[in-house]
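**Q** What follows is each chain in one-letter form.
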Amino acid sequence: NAGVTQTPKFRVLKTGQSMTLLCAQDMNHEYMYWYRQDPGMGLRLIHYSVGEGTTAKGEVPDGYNVSRLKKQNFLLGLESAAPSQTSVYFCASSYRPITGELFFGEGSRLTVL
Amino acid sequence: GENVEQHPSTLSVQEGDSAVIKCTYSDSASNYFPWYKQELGKRPQLIIDIRSNVGEKKDQRIAVTLNKTAKHFSLHITETQPEDSAVYFCAADTGRRALTFGSGTRLQVQP
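Chains as they are written, first to last, in our numbering: chain A, 1 to 113; chain B, 114 to 224.
Because the hints were derived from the structure by calculation, they are not lab data.
Keep in mind that the hints are not guaranteed to be accurate.
As the list claims (entries may be wrong) - Mimicking BS3-like on lysine-lysine, the simulated pairs with C-alpha atoms at most 27 Å apart in a straight line are:
1) A:K9 / B:K171
2) B:K181 / B:K155
3) A:K57 / B:K155
4) A:K57 / B:K170
5) B:K170 / B:K184
6) A:K9 / B:K135
Claimed, not checked - Residues from chain B that face chain A, not an exhaustive set, calculated with beta carbons under 8 Å:
7) P121
8) V126
9) S141
10) A142
11) Y145
12) R174
13) F202
14) D206
15) G215
16) G217
Heads up, the beta-carbon is just placed ideally off N, CA and C, and yes, glycines get one too.
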């Protein structure tokens, strides 16, 4: 039982490049989330999903796209990376919305030069 | 949208002392307030939560208090130990079916 797994764990991009972060969970959770963590700003919600085939915008969605084609996977895409997207990205899942415990992945550190 | 403010941003205490971290929120409709702990280089993990129908909840050395009228809640850690050193995040529920987190408090327990 791996819980929540994120790949890759580290990535360096040049401005304008694209990439996809993959989040996989094996707990059969309906709800999945992508957060970014920046110094002094806590965890900010980028996008989330309440089930397979659904996605919704969070607090800071601009510059990101997501897809939830399979229940266990939640992908975060950057179409044209910018230095402002340098951050640590955390995926999380929960068995129910809001009051369900968030199970986080280990994080993915992205640097955009 | 929901705004959650957390203070202080850093806190240093001596081992054995108590630590208190405070959060305020803006949405009076919020009903769920969890606290997450993130050790250095690790993922955040839930340590305690409270719902709006109670004013206090304890779990061994940690406790959370909630004042819905004033819209603030606090984390209390007693008899602090070096392993309590971490970043602590408060959060509150929003209308988006997701949590809004505070900016975090870095707690350092000096041995």
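**Q** Hint by hint, where does the structure go against what was stated? Just the numbers, ascending.
**A** Those not satisfied are hints 1, 2, 4, 6, 7, 8, 9, 10 and 12.
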